[in-house]
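Make a model of the complete structure from these sequences and hints.
Under my numbering, the first residue of the sequence shown carries the number 1, and numbering increases by one thereafter.
Hint data in this document are derived by calculation from the structure and do not stem from the laboratory.
Do not rely on the hints blindly, as some may be mistaken.
Claimed, not checked - The calculated lysine-lysine pairs, modelled on DSSO-like cross-linking and capped at a C-alpha distance of 27 Å, are: (1) Lys316 x Lys298; (2) Lys278 x Lys191; (3) Lys292 x Lys316; (4) Lys190 x Lys302; (5) Lys207 x Lys191; (6) Lys21 x Lys316; (7) Lys152 x Lys190; (8) Lys302 x Lys292; (9) Lys28 x Lys302; (10) Lys191 x Lys302; (11) Lys191 x Lys229; (12) Lys229 x Lys152; (13) Lys28 x Lys316; (14) Lys278 x Lys152; (15) Lys190 x Lys278; (16) Lys28 x Lys298; (17) Lys244 x Lys302; (18) Lys244 x Lys278; (19) Lys207 x Lys152; (20) Lys298 x Lys278; (21) Lys28 x Lys292; (22) Lys302 x Lys316; (23) Lys298 x Lys244; (24) Lys207 x Lys190.
To be verified - So the derived label-pair ranges between C-beta atoms look like this: (25) Phe188 x Arg265: 24 to 30 Å; (26) Thr93 x Ser153: 26 to 32 Å; (27) Glu85 x Lys28: 33 to 39 Å.
Yeah, the Cβ is synthetic: ideal placement off N, Cα and C, and Gly gets one too.
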Amino acid sequence: MQALWLENNQISLREVSRPVKPGEALIKIRKAGICSTDLELVRGYYPYTGILGHEFVGEVVESPDTTWVGARVVGEINAVCGACEACLNGRPTHCENRTVLGISNRDGVFAEYTTLPLANLHRVPDSVSDEMAVFTEPLAAALEIQEQIQIKSTDRVLVVGAGRLGQLIAQTLALTGCNLSVVARHTFPKKLLTARGIRITSEEEIKPHQWDIVVEVTGSPDGFNLARKAIRPRGTLVLKSTYKGEMTVDFSSIVVDEINILGSRCGPFEPALQLLEKREVDPTVLIADEFKLGDVLKAFEKAAQPGVLKVLVENK
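Below, the structure is given as C-alpha cells:
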C-alpha cells in the first residue's frame, strides 16, 4: 500500500506492507487531516520514524468483532496496555506502555490502511460527513479544556492563537457563554471568528493581569509570554500546544502570583461527535485544500504555508 513515511526529518511516499496486528481492526482510511504536530514532527520536534498522521475517518474492513465491519469510524490515538499503574488508576492517556498513532511507536494514517484496537474506535453518525468527522480528534482535544476546568459565563477567557486548533477551541469555548476573546493575527482566521460572533483582540490591546483563564495555543515563546502577561493572579493558564526545545520562564513570578498552570492534550471523542451531529460547531470552515494520497507531499507543502489552516488527504 502507499504511505507517507518519515525518517530523519525527511518525508517520502513509498510502498509498504498492509498492516496486520492481531486483535486489532483493519481500517481503510477515507480522509486524514494534516495538523501542526505532523508538521513539527517533520521539523524534528520528536524523534519518530514511520507513517505519519493521526486525524482520520475510515471504514473498518476487518475486525475481531465482525459487527464492526463496514462501520465508518474515527479513532483515539493512544493505544494502551490496560495494566500499568496509570491505566489501572484511570489515566489511560498516560499509559506507561502506550503507543501513539503516527507519533510514537505506531504507524499512522497517511496511508491506505491503519490498525487500532476496537476500544479506540468510535462510530460516526450517518449525518456527520467525512469532512466533519476527520476533525473529531482535534475537536476532542479542544473539549478537553472543559473536562479539566469549569468555565463559567462570568469568566474572562482569552485564547492566544487562532490557527487550526485555536479555531476549534474558540468555537467550543463560545458555547459556554463566557466572556471570550481571541488573539488573531491573520485576515482569514479573523474572518472565521467574526462570522461566529467571537470577539477578536490584538496583542497590543492585551492589558496585564486581566484574564481569569488564558489558553495558549501558539506553541511559541512569544505566545507563552503574552499569555503569562495576560493572566491575573490565581488565574489558570492552559497550555494547549507543545514547545520545541527549552524556554526561559520566570517561575518566581508564577509562584508569587499563584498561577495555576494546566497542560492539556487529548480529549473526549463522544462529546465531539455529538457537537458535530448537532451542528453546534463547524470545523469544515478551516479546510483550505484537499489532495489525493498520491499527492500527499504537495499536501504537506501547502499545509506548511503561512496562514493555511487545514489540509486534508483523501484516500478513495
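For each hint, the structure was consulted:
{"no.": "1", "hint": "Lys316 x Lys298", "result": "18 Å, holds"}
{"no.": "2", "hint": "Lys278 x Lys191", "result": "23 Å, holds"}
{"no.": "3", "hint": "Lys292 x Lys316", "result": "8 Å, holds"}
{"no.": "4", "hint": "Lys190 x Lys302", "result": "20 Å, holds"}
{"no.": "5", "hint": "Lys207 x Lys191", "result": "24 Å, holds"}
{"no.": "6", "hint": "Lys21 x Lys316", "result": "23 Å, holds"}
{"no.": "7", "hint": "Lys152 x Lys190", "result": "24 Å, holds"}
{"no.": "8", "hint": "Lys302 x Lys292", "result": "13 Å, holds"}
{"no.": "9", "hint": "Lys28 x Lys302", "result": "24 Å, holds"}
{"no.": "10", "hint": "Lys191 x Lys302", "result": "20 Å, holds"}
{"no.": "11", "hint": "Lys191 x Lys229", "result": "26 Å, holds"}
{"no.": "12", "hint": "Lys229 x Lys152", "result": "22 Å, holds"}
{"no.": "13", "hint": "Lys28 x Lys316", "result": "9 Å, holds"}
{"no.": "14", "hint": "Lys278 x Lys152", "result": "22 Å, holds"}
{"no.": "15", "hint": "Lys190 x Lys278", "result": "24 Å, holds"}
{"no.": "16", "hint": "Lys28 x Lys298", "result": "22 Å, holds"}
{"no.": "17", "hint": "Lys244 x Lys302", "result": "22 Å, holds"}
{"no.": "18", "hint": "Lys244 x Lys278", "result": "37 Å, violated"}
{"no.": "19", "hint": "Lys207 x Lys152", "result": "21 Å, holds"}
{"no.": "20", "hint": "Lys298 x Lys278", "result": "34 Å, violated"}
{"no.": "21", "hint": "Lys28 x Lys292", "result": "14 Å, holds"}
{"no.": "22", "hint": "Lys302 x Lys316", "result": "21 Å, holds"}
{"no.": "23", "hint": "Lys298 x Lys244", "result": "25 Å, holds"}
{"no.": "24", "hint": "Lys207 x Lys190", "result": "20 Å, holds"}
{"no.": "25", "hint": "Phe188 x Arg265: 24 to 30 Å", "result": "26 Å, holds"}
{"no.": "26", "hint": "Thr93 x Ser153: 26 to 32 Å", "result": "29 Å, holds"}
{"no.": "27", "hint": "Glu85 x Lys28: 33 to 39 Å", "result": "36 Å, holds"}
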